[in-house]
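Student: Read off the chains here:
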Amino acid sequence: MDKLWLIIKREYLTRVTRRSFILATLLTPLAFGLFFVVAGLIFQYESDDSRRIAIIDEGDIFDRSIKDEENLYFKFVDTDLETLRQNFDDFDYDGILVVPEVKDVMSTRHTVYYYADKQPTLDIEALIRDRVRGQMRDFKIDALQLDPQQLEALDTRIELEPEPIDDESTDASKLTGAIAAGIGGLMGIIMYIVVFIYGMMVMRSVMEEKTSRIVEVMISSVRPFQLMLGKIVGVGAVGLTQVAIWAILIPIIILVSSLLFGIDSSAQMEMAQQQPGAATLNPEDTEAMVALAIEEFQSLNWWVILPMFIFFFLGGYFLYASLFAAVGSAMGDDLGEGQSLTIPITIPVILAFYIMIVAIQAPNSSLAVWSSIFPLFSPIVMPARLAFSPPFWEVALSVVLLAGTAIFFVWLSGRIYRVGILMYGKKVTLRELGKWMFYKD
Amino acid sequence: MSKPILDIQNIVKTYEKHVAVNDVSFEVPAGSIFGLLGPNGAGKTSLIRIITTITRADKGTVFLDGERLNSRHPEEIGYMPEERGLYRKMKVGEHLTYLARLKGLSATEAKTKISDWMEKFGIQDWWGKKVEELSKGMQQKIQFIATVVHEPKLLILDEPFSGLDPVNTNLIKDEIHSLRDKGMSIIFSTHRMEQVEEICEHIVLINKGENVLEGKVSDVKDRFKQNLYELTYEGELPDGLLEQATVISQQPGRLTVQVAEEAESNALLRAMLDRGIFVKRFQEILPTLNEIFIRQVN
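First to last, the protein sequences are chains A and B. Just so you know, the first sequence maps onto residues 1 to 441 in this note's numbering. Just so you know, the second sequence maps onto residues 1 to 298 in this note's numbering.
Among the clues, some could well be false.
[Stated by the list, open to error] Derived lysine-lysine pairs resembling DSSO-like cross-links, with alpha carbons at most 30 Å apart:
(1) B:Lys91 / A:Lys3
(2) B:Lys59 / A:Lys435
(3) B:Lys136 / B:Lys153
(4) B:Lys136 / B:Lys216
(5) A:Lys3 / B:Lys129
(6) A:Lys427 / B:Lys17
(7) A:Lys9 / B:Lys225
(8) A:Lys3 / B:Lys17
(9) B:Lys173 / B:Lys89
(10) B:Lys216 / A:Lys3
(11) B:Lys111 / A:Lys3
(12) A:Lys3 / B:Lys113
(13) B:Lys113 / B:Lys89
Hints in this document: simulated from the structure, not taken from any laboratory.
Full structure from sequences and hints, please.
Tutor: So, in structure tokens, the structure goes:
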């Protein structure tokens, strides 16, 4: 037991103290923060490109109260178009907007003309169209003698409020779906990344020990299984450490950068909604939604979700890391040949990822249910389903199967590993690996 | 007669269809330097791996110091494989401590013993350096320390001098002798016979997985000697002097003869002296282990 612990400690400490690890662990949250800040700044950025626009309102559509935007100034002029165009350089305008009169009030199209020596940028174009549309609407309401208030009443926003059948079930709100999907997706992605990065780290370590020949010295002191297991646990601990640090640092950095730079998400959403085609949400609605989201988030059953996530994290990691160790032991000095052996391991992981994406949209579909129980997929699919409160028996079954399969694979990989690490120069196929399982000790 | 440090009995080891070790038995006397010899592919490494508990024999038993080989024995054995290897990115001191602790030493014991060894080799400065910063010769010294630091009963060195320059070779050779003098038993495995002659007291010769020859070096040489003698002298050899002997080579002042019986060599010497020839050297030529080796494996 002490020897196993010595190995775990070495595998952990040599990686955690490495400069590349420290940099990656600290820089990634910073990169997140930076991205957040830059994205925020970009959204908030308003072009300092100022434009002065002369408006020739031929049909008298505007009510002259058009507000100037920042950097965009509107001036109503009575000068005729030709004069303006010929003396364009003398005047201090960037563009001339000609709004023809409305021939047919019922027509749903109206063309306005923008004269300028420079193409109007998208944001100016959008702004102008938006303003004109607004003015047209008011003009038509007037012309058709419609009641503005009645028109407002036409548009009803529908809100769906989910209610449970029996009173004991938790009352979900309309955001549950979105929140759960978000969390589920996040957990699935973390699992996917961990399996690939840390699983591959185990494989590379095994290969390095073979190439540098230290492995023979090692197994003259410890059993091969101890070496393999110590490596898997040590590297797993490194992974957990990194994920834990990120889980703490990233939210802190996002929070700090929001406060420091005065960016808040509701302002971002406001900017977003002013883009053409954005859904019309009121700022008040946005804030209410954020508050509801936070409440939803907090009401999720974290006492169950977190331990379960940790369990699936560990189970999935052990299952895949041991397979990577077995494959690593089979690779010789020729790295190219052995690469193909990693394919049977990576395919289930990738499949599981795609299934997870389906599962967060339809968490109770057969595909989601069975994939969250099947041990090769469950480490990625089940955590995604956890936020949707799946039935207890499904989770329990998945846990039992994963635990059993992980233990079995660790044992199986141990048998392959102990033969592979001393085997050099032999061409290794999956069949060969299969034979090694049965070699006598 | 003290019990042998290692008693190999009827070991058989097969890898798929290939019989690597075919019913091999021998004993290694305690406190000796023992040569495990044989050509490449003879089965030496397979045997060594069985002794060091890395692999298990299909049949047969190994006794270490009278005890059946078990999982506690790795701590009493020091093994330096032919293919050397260390963790390149680890620091020397840290690495040696790690290996020492895996052999059962406590952290403090390990550090003390390692410092002593590094001082003995004059390499204390290397404690904080990474292994990859060292030259190959340095790395082998480090690996040697790792092999002996836990004061094992039995030391197994597989081609320990390969890749070493003459200075370091001598250093290690001296260490081997000094360790033997302190009571350690040492198995030295090689296919380089000239190195064996200089160091080993007992040998076993393995070929194609079988024990072909074993015993004390002097006894083995005696067994295979061919009664060859070399003489260097001044003067003219009279005719008829060499009738009884078979002349192997003759040059002015130097003669190599083979006699039918040992005693005849001295008779020849006496005859030469009587005839007034000034003999400068008279020596039996024993076969080298290399010659014995070649004769046996062909």
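Student: Checking each numbered hint in turn, tell me which of them this model violates, lowest number first.
Tutor: Structure breaks hints 4, 7, 8 and 10.
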